[in-house]
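Residue numbers (our numbering), protein chains in the order written: chain A, 1065 to 1290; chain B, 1065 to 1290.
Some hints could be false.
Unchecked claim - In silico DSS-like cross-links for lysine-lysine, where the CA-CA straight-line distance does not exceed 30 Å:
| hint | chain 1 | residue 1 | chain 2 | residue 2 |
| --- | --- | --- | --- | --- |
| 1 | A | K1097 | A | K1076 |
| 2 | A | K1076 | A | K1192 |
| 3 | A | K1192 | B | K1076 |
| 4 | B | K1097 | B | K1076 |
| 5 | B | K1097 | A | K1242 |
| 6 | B | K1097 | B | K1192 |
Keep in mind that the hints were calculated from the coordinates and are not lab data.
There are 2 protein chains.
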Amino acid sequence: MSDIDTASVNGKAPSPRTRVRRIAERGHYDRDKLYAILDAAYLCHVAFADEHGVHCIPTACWREGDHLYIHGSNGSRMLRLAAEGAQVCVTITHLDGLVLARSAFHHSMNYRSAMIYGAFEVVAADRKAAALDAFLDHIARGRAHEVRAGDRNELAATTVLRLPLDEAAAKIRTGGPKDDEADLGRAVWAGVLPLALTPLAPEPDGTPPGDAAPDYVTAWARRAGR
Amino acid sequence: MSDIDTASVNGKAPSPRTRVRRIAERGHYDRDKLYAILDAAYLCHVAFADEHGVHCIPTACWREGDHLYIHGSNGSRMLRLAAEGAQVCVTITHLDGLVLARSAFHHSMNYRSAMIYGAFEVVAADRKAAALDAFLDHIARGRAHEVRAGDRNELAATTVLRLPLDEAAAKIRTGGPKDDEADLGRAVWAGVLPLALTPLAPEPDGTPPGDAAPDYVTAWARRAGR
Chain A
1065 MSDIDTASVN GKAPSPRTRV RRIAERGHYD RDKLYAILDA AYLCHVAFAD
1115 EHGVHCIPTA CWREGDHLYI HGSNGSRMLR LAAEGAQVCV TITHLDGLVL
1165 ARSAFHHSMN YRSAMIYGAF EVVAADRKAA ALDAFLDHIA RGRAHEVRAG
1215 DRNELAATTV LRLPLDEAAA KIRTGGPKDD EADLGRAVWA GVLPLALTPL
1265 APEPDGTPPG DAAPDYVTAW ARRAGR
Chain B
1065 MSDIDTASVN GKAPSPRTRV RRIAERGHYD RDKLYAILDA AYLCHVAFAD
1115 EHGVHCIPTA CWREGDHLYI HGSNGSRMLR LAAEGAQVCV TITHLDGLVL
1165 ARSAFHHSMN YRSAMIYGAF EVVAADRKAA ALDAFLDHIA RGRAHEVRAG
1215 DRNELAATTV LRLPLDEAAA KIRTGGPKDD EADLGRAVWA GVLPLALTPL
1265 APEPDGTPPG DAAPDYVTAW ARRAGR
């Protein structure tokens, strides 16, 4: 298949480099699936190249509209390069389970992943505080209005970047093993061992002032107690 | 600090590109910490460059001795390039929690990450079956001897690659928020919201033959039931 052909069984890839090639039926190009994968993520892996070669750096991320945001210290190599418009590939992967087939060959994993190609844009100084508020609200809704806001020096020391989601693709595998017909009678356990990134009990830093934990902490504790 | 200076507070980085630059005290260069991070992982992100630019692809991984292994179809772009000796950066990240500080600026995440630089080596045909057995045993100990082994065609269609761990570094953050002294009295909840990749109840594919699930499935179910 030519690299120019971006058609797929699940819609059209936005560019040749976003077309899912390996097992094309797992590729998805619609916004809903992409947004769901990004919004479930706390971190992404950013790949970029400099004069030392290729790097792959994990960093926190959040989505607003049709952009994925990252931030960090002005001193970060990655942020400096990205701010200069370097081409990047940003990948987010949620591992949902181990797929145990009846033959060694058909073992697999269930996952939801997203890849975004492009170049980051620098978020302007007067938009930085609002973008960082959105990040805090992604982590813990309402928290941006509870904590001490960034002061002038803290904001000046922070770079916020955003990557347009124009050139993005999702890849998803769900369900049980796809065994060969001839193996279905084998006396071996087959199925999925599911995995999920799960909240554990909150760990307060010393005695919290006042007596009420915010909603997002009590909700976290509830989910941890399941 | 010069790029040539690979010294760090936690030992010596094996090369300039593996020296942790941002928050150097989180960098670790000893084998035990590196192995623990790799052995807890089911997948890694592989960054590499080709004529279309930089890519970042998630794939299953396992460690044997002083190598990280990956595998896949001979048809995979990534595996073909990696097999040709392309320089890569492989990153593994475990997210352990959200760190909620009293100021917006000091929010952070707890994590254990590892980065490995280098070039993959092709595992020879007569070593492939043993390497893939080790992969299955990483996923589910003992399973390699229960399932139908790969036949000649399946093994021939599979590329197995390994990356030496010579040029690797770990980066780890643990513990609560590091707030400014002046913020400690603020009336805001601070602490860690921990996260862990957690087993959920096994999902058998139809009625398993026989009546005994293997040990790794019953152990998984037990961990899921906590």
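Do the hints match the structure? See the list:
1. For a cut-off of 30 Å, the pair hint linking K1097(A) to K1076(A) stands: about 14 Å separates their Cα positions.
2. For the given pair, K1076(A) sits about 34 Å from K1192(A) by alpha-carbon distance, which is inconsistent with the 30 Å threshold.
3. A distance of roughly 37 Å separates the Cα atoms of K1192(A) and K1076(B); the hinted pair therefore is violated under the 30 Å criterion.
4. With a C-alpha separation of about 14 Å, the suggested pair K1097(B) and K1076(B) falls inside the 30 Å cut-off, and the hint holds.
5. This hinted pair does not check out: K1097(B) and K1242(A) have alpha carbons roughly 36 Å apart, beyond 30 Å.
6. Restraint check for K1097(B) and K1192(B): satisfied, since their Cα atoms lie roughly 27 Å apart, inside the 30 Å limit.
Going through the hint list in order, the structure does not satisfy hints 2, 3, 5.
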